[in-house]
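Asks: Chain by chain, the residues run as shown.
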Amino acid sequence: MRRRFEVVVMLKPGMADPQGRTVQDALPTMGWSGVTDVRVGKHVELTVEADSEDAARELVEQIAGRLLSNPVIEDFRILSVEDVG
Amino acid sequence: MSGARVAVVTFPGSLDDRDALRAVRLMGGEPVPVWHADADLGHADAVILPGGFSYGDHLRAGAIARFAPVMAAVAGHAERGGPVLGICNGFQILCEAGLLPGALTRNAGLAFVCRRVHVRCETAATAFTSTVEAGEVLGVPVKHGEGRFVADPETMARIEGEGRVVFRYCSPRGELGDEWNPNGATNHIAGVANDRGNVVGMMPHPEHALDPDVGPTGGQPLFESLLQFVLAEV
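Protein sequence lines, in the order shown, are assigned to chains A and B. All the letters of the first sequence, read from the start, carry residue numbers 123 to 207 under the numbering used here. All the letters of the second sequence, read from the start, carry residue numbers 8 to 241 under the numbering used here.
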């Protein structure tokens with residue numbers, strides 16, 4: 123069974139995010155108001171072949187914790203899992 | 008001063024490996040080129056991870072390079088007390104590898120910074136600063152987009168408490184201030200060491216700062232210190 127995991131990696135809360143800040147600062151210059159915060163992260167899709175969802179999830183968590191994110195500055199979370207046959 | 012063999016690791020995307028090799032030679036050491044896929048450091052006494060954009064900086068600067076085959080040898084060398092210097096991307100790799108604390112993130116101003124800066128040496132108790140006095144100001148260039156040093160508050164307190172900040176960005180006279188900090192680094196930190204002082208990472212480029220004809224020479228004492236350290240050990 124193959125499953126597709128969506129993983130999102132974000133800077134930890136409180137960690138300065140110059141990219142988000144820059145996007146936020148651009149909004150009023152384009153005529154949009156009312157946005158009080160912008161944070162920019164990474165979205166990663168992993169398609170995994172494994173016997174069970176638990177096994178696949180454990181692998182994805184290892185990969186996300188050791189490679190996709192740097193635990194010093196970032197958190198990750200799994201957004202969704204989808205069977206892709 | 009000869010006989011000190013200093014390995015310089017080239018990763019795919021390294022840019023400053025040739026300058027680092029040249030710097031070792033100019034300062035009287037024996038440069039040893041090492042490829043990222045090598046399993047050993049060619050019997051080197053010290054190792055430099057140079058600047059550049061290893062693996063295109065994909066994912067995060069240094070995130071892929073830390074898993075390169077040669078990094079096991081680098082970690083082993085560090086564990087045995089051997090000198091390791093990470094410059095710019097090399098600093099990022101050492102942090103990703105857990106050989107140094109903290110992380111380097113995007114510059115506060117978002118801009119890629121390429122200019123000469125001054126750094127104040129904060130400790131002579133490392134393999135790379137033994138010939139520098141604490142408080143001495145060195146002129147060196149920086150060129151990076153992700154050089155803002157950060158760490159969680161406990162780690163930061165430990166680094167500061169144990170005197171492991173090696174360099175801080177400063178004015179030409181050694182004063183600290185946001186106007187002298189090119190990337191927003193916490194506590195103006197430009198370089199840190201591990202607890203034993205044999206592993207040092209720094210964002211500025213000492214290997215570009217040797218020749219008085221082309222710029223500041225703040226890199227000279229770092230290489231002098233390294234070569235002395237190695238010879239004292241032999």
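None of these hints come from the bench; they were simulated from the model. Incorrect hints may have been included.
[As the list claims (entries may be wrong)] Estimated spans, in silico, between C-beta atoms of each pair: (1) A:T169 to B:E140: 39 to 45 Å; (2) A:P135 to B:H65: 22 to 28 Å; (3) B:E37 to A:E128: 46 to 52 Å.
Where a beta carbon is used, it is the ideal one built from N, C-alpha and C, also for glycine.
Asks: State for each hint whether it applies.
Replies: Hints and how they fare:
1. A:T169 to B:E140: 39 to 45 Å: 57 Å Cβ-Cβ, so the 39 to 45 Å window is violated.
2. A:P135 to B:H65: 22 to 28 Å: 25 Å, holds
3. B:E37 to A:E128: 46 to 52 Å: With a Cβ separation near 51 Å, B:E37 and A:E128 satisfy 46 to 52 Å, so the hint holds.
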